[in-house]
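> Throw the hints in and build the complete structure from the sequences for me.
Number of protein chains: 2
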Amino acid sequence: MGKRSFAIIGSGALGGLYGAMLARAGFDVHFLFHSDAEHVRQNGLQIDSKNGDFHLDSVNVYDDPEAMPACDVTILALKTTNNHLLRDLLPGPTGTGGTVLVLQNGLNVEVETAAIVGPGRVLGGCCFLCSNKVGKGHIRHLDYGRIVFGRYTPIDAPPPGIDAYTQSLADELQSAGIDAQPTPDLWQARWRKLMWNIPFNGLSVVLDASTKQLIEDEHACHLATDLMQEVANASEATGRPQPDDAIEKTIDHTRHMVPYDSSMRLDYLSGRPMEIEAILGNPIRMAAGAGLKLPKVEMLYHQLHYLQSKKNSDTPQ
Amino acid sequence: MGKRSFAIIGSGALGGLYGAMLARAGFDVHFLFHSDAEHVRQNGLQIDSKNGDFHLDSVNVYDDPEAMPACDVTILALKTTNNHLLRDLLPGPTGTGGTVLVLQNGLNVEVETAAIVGPGRVLGGCCFLCSNKVGKGHIRHLDYGRIVFGRYTPIDAPPPGIDAYTQSLADELQSAGIDAQPTPDLWQARWRKLMWNIPFNGLSVVLDASTKQLIEDEHACHLATDLMQEVANASEATGRPQPDDAIEKTIDHTRHMVPYDSSMRLDYLSGRPMEIEAILGNPIRMAAGAGLKLPKVEMLYHQLHYLQSKKNSDTPQ
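Protein sequences appear in the order of chains A and B.
Every letter in the first sequence is one number past the one before it in the working numbering, and letter 115, counting from 1, is 115.
Every letter in the second sequence is one number past the one before it in the working numbering, and letter 103, counting from 1, is 103.
Careful: at least some of the hints might be erroneous.
Which copy is meant is left open, so a pair is good if it fits within one copy or across any two.
[Stated by the list, open to error] Simulated crosslink set (EDC-like; lysine to aspartate or glutamate; CA at most 20 Å straight-line):
#	residue 1	residue 2
1	Lys-310	Glu-216
2	Lys-311	Glu-216
3	Lys-193	Asp-252
4	Lys-212	Asp-314
5	Lys-311	Asp-208
Since the hints were made in silico from the structure, they are not lab data.
Okay, structure coming up:
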C-alpha cells in the first residue's frame, strides 16, 4: 500500500500547518483554499514553526471542492461556524470511500460530517495547538501541536477503542512529524478538552481578559473552577467520568502556560463569529439529554450570544 | 409633639433630595456633607426635579458627624461600600433615642447599623428613584421617588407588620411630598427589589449594556429571567415567597422603562466601588443559610469582583 492521500478542508492556521507537514513528508496533499488560493498557487506556503521553518514551493491548490480528487483522508479544519457549507465541501474530496478526520473545536461536532459521509467514515480529534495565520499563505506555529483523535461513535455506544485503521493513521501522521495520539474514547477526550475551553474561551471574551489575568485573579479562578466542575459533571453524566485530579491539573497547567489569547477571544476581537454552539451549546444539550443542568455554562452561553449579537450589530456588514 | 428632626448621612443624589424635600416642608434637617460642605454652606442646595425645581438658601451643613445634634430620625443614604465608616458617623446624630432609616441598596444592609445603635431603633427602606448629583450641591431628580420601608427584624422572625411609629413616619414623609409607603415586611420588599437589581445592575456591568439593550436581546433577557428566578427562589427559601407573576411583571415593567443606567454601572464607569456585597454577596449568603445555592447569581458575583479588581488595578490611586 502506498502512502495515503490527504485533502485539507480549511487551510488556515491549523489545517495549513498539518497539511504542509504532511506534504513536506512526501504525502499527496490537496488543499482547499478560500481567499488565499491564487497567492499560494504562485508563492507556495510558508511555515514559521518553533520546530523549524520551512517553505513548500509547489502546493496542490483548489478553490473549488468539486475539482478535488477523492482522497483517502480528508482533514476537516474549518471553523464549526461554517459547517453549513459541508454539504458542498465534503463530497468531492471524500469520494465514496475516504475517511474524514474532524479537527474542529467543541463537542459532537462530527455529527454534521457523519450525516453527509456516513458515521463509519468519521474520526474526530482535539488539537492542542498554538498557531496563527499571519498573512496570505503564511502560518506561524508558536507552541504545542498534539492531536488526540479517535473513532466517532454515538455518545450512548461503548468507547470503540483503537482499531487498526486508527492506529495506522496515527503512525502515518507521526511519520510526518505530527504528534498524533490515538485515543480509545473520543468523547472522553473532547469533554476533557472542554474543561479548559469552556471556562477560558468563554470568560476571556465576557471579561475581556487574557488567560493569565483570569488565572491570577481569585474570583475569576474560582469561577473557572466552578465551570470546570460543571463540565466534569456533564462528562460523567454522559458516561465519561474524568479523573479526580482533572480540575487541579487543568488549573495548574493553565498557571504555567505562556500568556495566550483563546481562539474565541481572537475570533471575537477580529469580528469573526465565535464557536458558541460547538463549544458551549452542544455540551449544554448533551448534558440536558442526560438530565443534567449546567447553570454557569448556560449563563456563559447566553452572555456570549449577547456579545456576539451586539458585535454583529456594531460591525458594518 | 412637634415635627420630628432629621439627620441626613450621605447627602448625595438620594439623601440630598429627600433631605431637601423635608427641609422645604419645614422640618428641622441636618445634613452631613463630605466634599460639598463648604459649597452648600455658602450657596445652598439646588434641586432640579420633574416635580418642580427648588432651591434651599439656608442649609444646616456639617462636615463632622460628632458636631451634629441628636435627631429623631437619621436617614442613612451612604453607599454600603462606606459602611465601615458607620461607627464614626452614627453616634452623633442618632444620640441615645433616635431611629435610623437605612435607605441603602441590597439585602440585610441594616445589620451593621443595628449592631451600632441596637436593632430596635432600625428601619430599612427600598428606594425606587432616578436621581443624579450633577454638580456641587446640585441634584437632578429624573423620575420615580417611592420609598418602601419598614421595621428591620431578623430574617427568622415573623414579619413585624406596620407599627404606629412606622405609620407616623410614613405620614410625616408624605407630608413633605415624599412617596413613602410603609410595608409590613421589609425582607419581602428587599428581595422583591433585588429581583430587578441583581440581573440588571450585574449584567449591565458585565455585558457593558444599558437596561434597554439587555431587555431587547433574546439571550440577555433569558438570562435576566433565570437570575430573577434564582432570586425569587432564595426569597421563598428564606420564608418570603414572591407572587407568581413577579418575574413577568418585572420584565414587563423593565421593557417600558425609560433608558436607564443602573447605579452599579454608573459606579463602575466612574471608577467608584460597586455595591457587590450588599446587592449580590448578602443574598447569596442568606440563601446559603437556608440551604439554597444560586449558581448564576454567584457567577455574576465573581464576574463583578473580577471587573472591580481589574478596574482598581487599572486606575491610578
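> Are the hints correct? Go through all of them and say.
Cross-check of the supplied hints:
1. Taking the shortest alpha-carbon separations for Lys-310 and Glu-216, only the inter-copy value of 11 Å comes in at or below 20 Å, while the best intra-copy value is 29 Å.
2. Proximity of Lys-311 to Glu-216 under the C-alpha cut-off of 20 Å is restricted to the inter-copy arrangement: shortest distance 15 Å between copies versus 28 Å within a copy.
3. Taking CA atoms no more than 20 Å apart as the test, Lys-193 paired with Asp-252 passes inside one copy only; the shortest distance there is 15 Å, against 41 Å between copies.
4. For the homomeric pair Lys-212 and Asp-314, the shortest alpha-carbon distance between copies (16 Å) is at most 20 Å, but the shortest distance inside one copy (28 Å) is not.
5. Taking the shortest Cα distances, Lys-311 and Asp-208 sit within 20 Å of each other both inside one copy (14 Å) and across copies (12 Å).
In summary, this structure violates none of the numbered hints.
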